[in-house]
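Working from the sequences, and respecting the hints, build out all of it.
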Amino acid sequence: MRLDQPCLVFVAALLSAGAANAHHSFAAIFDSEKPVTLTGTVTSIEWVNPHIHFTLEVKGEDGAVAEWRFEGFPPNMLVRQGWRRGETLKPGNTVTVSGWQARKEPYLGSVRSVRLADGRELTAGPPASIGGR
Amino acid sequence: MRFVRFVDRVSNAALRGTLVVIASTCMPLAGLTQSDASADDVPRTSDGRPDLSGIWIATSALGLLEGSEALQAARAADRAAGRALPATEPPPYKPEAEALRRRYLDRQGIDDPMARCLLSGVPRINTRPLPFEIVQLPDRVIILYEVHHAFRLIPTDGRPHPEDLEPTYLGDSVGRWEGDTLVVEVVGFNANTWLAGTGTHHSEAMRVVERYTRDSAETILYEAVIDDPIVFEKPWRMYDIFRLRPNERIREYECIESNEDIVRFEELLRSSEDTPRAN
Chain A
1 MRLDQPCLVF
11 VAALLSAGAA
21 NAHHSFAAIF
31 DSEKPVTLTG
41 TVTSIEWVNP
51 HIHFTLEVKG
61 EDGAVAEWRF
71 EGFPPNMLVR
81 QGWRRGETLK
91 PGNTVTVSGW
101 QARKEPYLGS
111 VRSVRLADGR
121 ELTAGPPASI
131 GGR
Chain B
1 MRFVRFVDRV
11 SNAALRGTLV
21 VIASTCMPLA
31 GLTQSDASAD
41 DVPRTSDGRP
51 DLSGIWIATS
61 ALGLLEGSEA
71 LQAARAADRA
81 AGRALPATEP
91 PPYKPEAEAL
101 RRRYLDRQGI
111 DDPMARCLLS
121 GVPRINTRPL
131 PFEIVQLPDR
141 VIILYEVHHA
151 FRLIPTDGRP
161 HPEDLEPTYL
171 GDSVGRWEGD
181 TLVVEVVGFN
191 ANTWLAGTGT
201 HHSEAMRVVE
211 RYTRDSAETI
221 LYEAVIDDPI
231 VFEKPWRMYD
241 IFRLRPNERI
251 REYECIESNE
261 DIVRFEELLR
271 SSEDTPRAN
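These protein sequence lines are chains A and B, in that order. Here the first sequence is numbered in the working numbering, starting from 1 and rising by one per residue. Here the second sequence is numbered in the working numbering, starting from 1 and rising by one per residue.
Derived from the structure by calculation, the hints contain no laboratory data. It cannot be assumed that every hint is accurate.
Claimed, not checked - Derived, one-sided and incomplete: chain A residues facing chain B with beta-carbon distance under 10 Å:
no.: 1; residue: Ser-25
no.: 2; residue: Val-48
no.: 3; residue: Arg-80
Said to hold, decoys possible - Facing chain B, a subset of chain A residues (Cβ under 8 Å, in silico):
no.: 4; residue: Ala-27
no.: 5; residue: Ile-29
no.: 6; residue: Ser-32
no.: 7; residue: Glu-46
no.: 8; residue: Asn-49
no.: 9; residue: Pro-50
no.: 10; residue: Pro-74
no.: 11; residue: Met-77
no.: 12; residue: Gln-81
no.: 13; residue: Thr-123
no.: 14; residue: Pro-126
no.: 15; residue: Ala-128
To be verified - Restraint ranges, calculated between C-beta atoms of paired labels, are given here:
no.: 16; chain 1: B; residue 1: Pro-162; chain 2: A; residue 2: Ala-117; range: 55 to 65 Å
no.: 17; chain 1: B; residue 1: Pro-167; chain 2: A; residue 2: Lys-104; range: 28 to 38 Å
no.: 18; chain 1: B; residue 1: Ile-256; chain 2: A; residue 2: Ala-117; range: 33 to 43 Å
no.: 19; chain 1: A; residue 1: Gly-63; chain 2: B; residue 2: Ile-142; range: 15 to 25 Å
no.: 20; chain 1: B; residue 1: Thr-168; chain 2: A; residue 2: Arg-85; range: 28 to 38 Å
no.: 21; chain 1: B; residue 1: Glu-69; chain 2: A; residue 2: Glu-61; range: 30 to 40 Å
We treat Cβ as the ideally placed atom computed from N, Cα and C, and that holds for glycine.
So, in structure tokens, the structure goes:
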């Protein structure tokens with residue numbers, strides 16, 4: 001049987017039913033209205049559950065340096081997105097990080113993707129719509 | 001047509017009627033260029049049962065685990081195979097239970113037991129974005145979950161639920177075969193889990209009936225009927241399609257290792273003046 005549009009609605013609704021299944025509520029901590037894209041130097045990475053964390057030293061237009069901390073998927077999800085511990089992201093790497101800022105903490109973010117120096121862009125965390133309403 | 005075959009396997013008469021209505025709604029639009037692909041490619045055990053063994057991931061979790069391209073490929077495969085299931089409707093909460101759910105939603109998920117690394121219950125654990133392995137034996141089915149590094153033992157030898165059950169996160173499962181469908185009845189839950197997304201709470205009175213139907217070599221049709229007379233007006237039905245991942249392996253996942261959300265959410269809970277109470 002070939003499906004036509006009304007049936008596709010069923011499938012789409014089915015597939016969206018489990019959409020709020022990331023580890024935690026994004027919306028409680030992060031603000032989807034505050035997207036951020038930053039280029040900087042990785043200073044540390046914690047390859048831990050349930051979220052990896054890494055810090056990024058970012059130099060502002062005024063020359064001031066801020067250290068951002070980002071959290072992303074757990075290691076088991078990252079390896080399935082092509083990440084390798086100790087290889088993909090290392091201190092000293094210059095990368096561009098896209099994600100969203102935290103609601104309260106000024107230099108905390110949830111990472112969605114990381115563009116590496118070689119141009120590869122890897123998924124690193126959930127979309128902003130996960131969790132909450 | 002696999003959808004009709006799935007309807008045939010559904011034992012609940014009311015649900016069967018609903019599915020037939022949906023199917024009849026779809027079919028005229030479909031033009032019925034159906035190939036009626038048989039289930040000949042479904043692996044079977046020596047006793048003739050469909051073999052559910054393998055490593056699986058829920059389609060609803062594919063986008064998170066494998067990315068949007070994998071999800072699109074899965075949707076295309078389902079369209080090509082004529083594989084479709086009814087939509088999962090919103091949970092049919094009674095007014096007071098719905099009010100509690102709205103409060104959980106307003107609090108943006110900070111009450112979610114999963115965020116504290118507590119075991120996801122049934123059926124939520126089947127739809128988390130990490131794979132699980134089913135091991136089918138003649139007298140039991142074992143499900144090994146990467147998430148939480150958890151497992152379920154599902155006897156299929158006719159034994160009843162134990163009489164000394166204490167409420168637990170995953171409850172107690174007993175399985176039986178209805179034709180080619182594995183039917184699993186789960187009871188003995190605590191009220192500390194959510195069923196799906198944010199705020200989908202339940203009570204200890206909940207009973208879940210799951211149906212696993214391997215409709216092809218690559219897929220299992222999954223239905224969970226959640227009956228909880230304390231919070232629901234009627235049973236809540238959820239559906240998903242599990243997809244075989246032969247190149248996967250179940251890895252260790254220790255959620256509590258460095259869970260900063262516990263501290264964050266406890267702080268938010270303390271600052272809240274409106275703390276919902278579970279059932």
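These are the hints, each one checked on the structure:
1. Taken as an interface hint, Ser-25/A checks out: its beta carbon lies about 3 Å from the nearest beta carbon of chain B, inside 10 Å.
2. The beta carbon of Val-48/A is positioned within 10 Å of a beta carbon in chain B (closest approach about 4 Å), and the interface hint is therefore held.
3. With 10 Å as the threshold, the beta carbon of Arg-80/A comes within range of chain B, its nearest partner Cβ sitting at about 6 Å, so the hint holds.
4. The beta carbon of Ala-27/A is positioned within 8 Å of a beta carbon in chain B (closest approach about 4 Å), and the interface hint is therefore held.
5. Nearest Cβ of chain B to the Cβ of Ile-29/A: about 6 Å, under the 8 Å cut. The hint holds.
6. For Ser-32/A, the interface hint is violated, the least distance from its beta-carbon to any beta-carbon of chain B being 11 Å, above 8 Å.
7. A hinted interface residue such as Glu-46/A counts as satisfied when its beta carbon comes closer than 8 Å to some beta carbon of chain B; here the least separation is about 7 Å, so the hint holds.
8. A hinted interface residue such as Asn-49/A counts as satisfied when its beta carbon comes closer than 8 Å to some beta carbon of chain B; here the least separation is about 4 Å, so the hint holds.
9. Look at Pro-50/A: its Cβ gets to within about 5 Å of chain B, closer than 8 Å, so that hint holds up.
10. Hint status for Pro-74/A relative to chain B: holds, with the closest Cβ pair at about 7 Å, below 8 Å.
11. Checking Met-77/A against chain B: minimum C-beta separation of about 6 Å stays under 8 Å; hint holds.
12. Interface hint at Gln-81/A: satisfied, since its Cβ lies 7 Å from the closest Cβ of chain B, which is below the 8 Å cut-off.
13. Nearest Cβ of chain B to the Cβ of Thr-123/A: about 6 Å, under the 8 Å cut. The hint holds.
14. Residue-level restraint check for Pro-126/A holds (minimum Cβ-Cβ distance to chain B is 6 Å; threshold 8 Å).
15. With a cut of 8 Å, the hint placing Ala-128/A at the interface with chain B is violated, because the nearest CB-to-CB distance is about 12 Å.
16. At roughly 58 Å, the beta-carbon separation of Pro-162/B and Ala-117/A lies within the given 55 to 65 Å, and the hint holds.
17. A hinted range of 28 to 38 Å for the beta carbons of Pro-167/B and Lys-104/A is consistent with their spacing of about 36 Å.
18. A C-beta distance of roughly 34 Å is found between Ile-256/B and Ala-117/A, which places it inside the suggested range of 33 to 43 Å.
19. Separated by about 60 Å at the C-beta atoms, Gly-63/A and Ile-142/B break the suggested range of 15 to 25 Å.
20. Taking the beta carbon of each, Thr-168/B and Arg-85/A are about 34 Å apart, inside 28 to 38 Å as hinted.
21. For the pair Glu-69/B and Glu-61/A, the supplied restraint of 30 to 40 Å holds, since their beta-carbon distance comes to about 37 Å.
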